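K.L.:
Sequence:
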Amino acid sequence: MVSSVQRGERLSDTSAGREDVTVEDLVKTVQQLPASASAVEAIAAGLAYLDSRAAAALLKALAKAGLGQRAVEIFDYLRTLDPEHELYSLADIFTYTTMISQCNSHHQLRRALELVAEMRSRAVPLNVHTYSALLNVCLKANELDLSLDVYAQMLAEGCTPNLVTYNTLLDIYNKTGRWMDALNVLELLQHQNIKPEARTYNAIISTCNAAGRYAEAVRVHKVMGAAGVEPNGATFNAALTSYARSGQLDAALGLFHAMAARGYERGANTYAAVLAACDLPGRWDLALELLQQMQSEGLRPSTACLTSAISACLHGGQPARAEQLFERMYTVCKPDASTVNCLVCVYCRLGKHQQAVNMLEVMLRGGQHVDLTTYDAAIDACWATGVVPLQKYALQLYGRAHQQGLFQGLVSEQACAEGSLLDIQLPGGSPHVVLISLLHMLHELRYHFAAMGGAPCVGKVLLRLGLQGQDAKALSHVVSSQLCTLASPFVALPAPAFCNQPGMPAQVEELQFAADSLAVAEWLHGSAVAVALGVLSQSGRGIMPGMAGGMMGSRGVDGMMAAQEDAQRELKCRQAMMSVQAFERTCGINAQAIPPAALLQRAELVQALLRSAPCIGLAAEVAHDAVQLLDRALASPLAGNVSGRLLAAACLHITAHHDASSAPMLAALFQAGSPQQLLIVVAQVRQVLGGGCVAISAMRVLRLLLERLGVESDELSATRYVCGQALLLAGAAAQSAAFVGCPPSVVAVAVLCACRVAAGLLPAWPSALAALTGYDESSDVLQPYLKAAMQLLLEL
Numbered sequence: 001m002v003s004s005v006q007r008g009e010r011l012s013d014t015s016a017g018r019e020d021v022t023v024e025d026l027v028k029t030v031q032q033l034p035a036s037a038s039a040v041e042a043i044a045a046g047l048a049y050l051d052s053r054a055a056a057a058l059l060k061a062l063a064k065a066g067l068g069q070r071a072v073e074i075f076d077y078l079r080t081l082d083p084e085h086e087l088y089s090l091a092d093i094f095t096y097t098t099m100i101s102q103c104n105s106h107h108q109l110r111r112a113l114e115l116v117a118e119m120r121s122r123a124v125p126l127n128v129h130t131y132s133a134l135l136n137v138c139l140k141a142n143e144l145d146l147s148l149d150v151y152a153q154m155l156a157e158g159c160t161p162n163l164v165t166y167n168t169l170l171d172i173y174n175k176t177g178r179w180m181d182a183l184n185v186l187e188l189l190q191h192q193n194i195k196p197e198a199r200t201y202n203a204i205i206s207t208c209n210a211a212g213r214y215a216e217a218v219r220v221h222k223v224m225g226a227a228g229v230e231p232n233g234a235t236f237n238a239a240l241t242s243y244a245r246s247g248q249l250d251a252a253l254g255l256f257h258a259m260a261a262r263g264y265e266r267g268a269n270t271y272a273a274v275l276a277a278c279d280l281p282g283r284w285d286l287a288l289e290l291l292q293q294m295q296s297e298g299l300r301p302s303t304a305c306l307t308s309a310i311s312a313c314l315h316g317g318q319p320a321r322a323e324q325l326f327e328r329m330y331t332v333c334k335p336d337a338s339t340v341n342c343l344v345c346v347y348c349r350l351g352k353h354q355q356a357v358n359m360l361e362v363m364l365r366g367g368q369h370v371d372l373t374t375y376d377a378a379i380d381a382c383w384a385t386g387v388v389p390l391q392k393y394a395l396q397l398y399g400r401a402h403q404q405g406l407f408q409g410l411v412s413e414q415a416c417a418e419g420s421l422l423d424i425q426l427p428g429g430s431p432h433v434v435l436i437s438l439l440h441m442l443h444e445l446r447y448h449f450a451a452m453g454g455a456p457c458v459g460k461v462l463l464r465l466g467l468q469g470q471d472a473k474a475l476s477h478v479v480s481s482q483l484c485t486l487a488s489p490f491v492a493l494p495a496p497a498f499c500n501q502p503g504m505p506a507q508v509e510e511l512q513f514a515a516d517s518l519a520v521a522e523w524l525h526g527s528a529v530a531v532a533l534g535v536l537s538q539s540g541r542g543i544m545p546g547m548a549g550g551m552m553g554s555r556g557v558d559g560m561m562a563a564q565e566d567a568q569r570e571l572k573c574r575q576a577m578m579s580v581q582a583f584e585r586t587c588g589i590n591a592q593a594i595p596p597a598a599l600l601q602r603a604e605l606v607q608a609l610l611r612s613a614p615c616i617g618l619a620a621e622v623a624h625d626a627v628q629l630l631d632r633a634l635a636s637p638l639a640g641n642v643s644g645r646l647l648a649a650a651c652l653h654i655t656a657h658h659d660a661s662s663a664p665m666l667a668a669l670f671q672a673g674s675p676q677q678l679l680i681v682v683a684q685v686r687q688v689l690g691g692g693c694v695a696i697s698a699m700r701v702l703r704l705l706l707e708r709l710g711v712e713s714d715e716l717s718a719t720r721y722v723c724g725q726a727l728l729l730a731g732a733a734a735q736s737a738a739f740v741g742c743p744p745s746v747v748a749v750a751v752l753c754a755c756r757v758a759a760g761l762l763p764a765w766p767s768a769l770a771a772l773t774g775y776d777e778s779s780d781v782l783q784p785y786l787k788a789a790m791q792l793l794l795e796l
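Take the sequence shown: its letters are residues 1 to 796, numbered as in the working numbering.
These are computed hints drawn from the structure, not numbers from a lab. Take the hints with a grain of salt, since some may be wrong.
List of simulated lysine to aspartate or glutamate pairs, DMTMM-like, C-alpha gap at most 20 Å [stated by the list, open to error]:
#1 K175 / E143
#2 K460 / D423
#3 K64 / D82
Nothing here was measured: the structure is a model prediction, and the numbers come from that model.
Start from the sequences, fold in the hints, and give me the full structure.
P.N.:
Shown next as structure tokens:
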């Protein structure tokens, strides 16, 4: 009787005088059978000379030859025999285990379980190979909970796992994300004195990678190296991902080059892992080099490869290159949600907020996942524009993200020396997201104290904002300046610091502000806070535990519509600003040419113009245009030959486009002589200053700036307040000698910026206005006039 067999080995019984036969012979016999013929009848004589090990070898060989159904036919015959039959003993642990291992699909799981139950009923023991086979069947059927139950039962019955068992178990842990259990397998192997193989380490590293535990995966790879286990291609790919995702770009590159040196193929996934390592450090140059190398090796870059390269360009301060990569992407592969998330950030960085909003809306309407980074970038970019409809959309996005569990603050009560402390930790983010979070928190706190009858039950309020990994300077400026502008009772506390590298200066770890709760409650109900909180609506849910009220975005804003309208508004305002700039180039005022006496009388004349215009039904812009025309006339030879009042009346007549019939009314209003004298001066002004006498005043430019911000559709009290202040300040600036000769666009910018700074609106100078005017807060030409506007605002 043959008790074991290898492929091609003879099955013989010399005592019976039979001709030698091999497993291969039996397989060939079965292969030659017609489909309707019985395999059992064909090889019955040969089965009589096999023991169970050889029978198991036959069943394996049939399955390998693609004759799995024949193997099932033969085994089902054996398992149905009576105990007295000479072949009954062939259905034992070896053949049962073999047939269980061949159940390799979900619908065959039931058969595997039935075979195990049958083994128990026939008192056939289950060994480690049986359990390992059953584990593998459960894994292939994706019955992961069942597979873990099988493993637990195996241990409960005292069956000791082997390396095959552990490798299968690791595959199960990989699918279930149980990275800690996967790491524990190494200890179990060490305890049993079993040496792990490359497959074992690969599975553990991959499980840690899948769970985002890249540092642990790196440690396992180092343990593998120390153990002297030779890595294979799968090891390199898995470990490369670990090093890349843990920020160890140099180590990842080392593995990348080692793969080529050892002859392992570097596929698209390999490149994707290295490109991912280029992302956060912003190594856009290396990313582009790797993409070129991929193409030279005949590899087609995957979506993941190009997304990582785009993101590397973004983090490396090369948003234009990122945009170019995306434009080329459609010729290679289809962008996924990660790519689109990244591209929204690219458009935001490029200042293309309209494209960013459109793409984000496509994602939201299509049900695609929008990640924290994308929400943060879109909210920050839309808010930075200062455009009211886009800021409303930013608030709506913030509310949506908040409902999804993003931008969540932490609020808790703690004991302290003064009794109790309300500890509020703001969520991190970009500067304008933190600003919205701060305003949101103040709104919530206001209602929180109001619900307590205005008498807080805590002694102190602590406000904190973590700064690690963020733009500490920008965030500190946002929070500190907002609290200062609103005259809050919060006082900055010494904050803990940390040091990234020895010898480098310590960095602030978090901002901390503290205040007495009664002072905070009183302050929150003051007018300054009420104005600031005008940007928030009164519906939704908040961040305070157990409270309602305070979430923003009660009215839906169509993002695409807002972006489209903003694009139209931008085009219209840009064309108008081009006219302003052309006017400033040709119609400048030389303040030094105005005679001192005329300069002394100027304030009175300007007041008369601004006061008189409404009396005759003229808009403020017409009066301000007349002021601009008056300054040009005062700087001309007319100043010494014509009375100031007559000049002022003539300038208003010109800017109002009046005919001769209005001369008597203007002459009387300004007490400037006869109507005939006024018409003569009008003609002289036209002659000296040019036939058209075009005038574009700072007031008109200010209106243009407000139009660019979309304030005509504004419902936010804070912006309404600033607009009113700006219009008043423009009137004061028109009368001030400090602004004589200043280009109207500079005056308008200084006036609006001063009012926004004074009101605590952030940004003080919106990106939409910076793009329109070419000025920002740091522009040298703006500085003296901004200071003058701030001083005037204090005097109003």
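K.L.:
Can you give the numbers of the hints that this structure goes against, from lowest to highest?
P.N.:
Going through the list in order, the structure violates hint 3 alone and respects the others.
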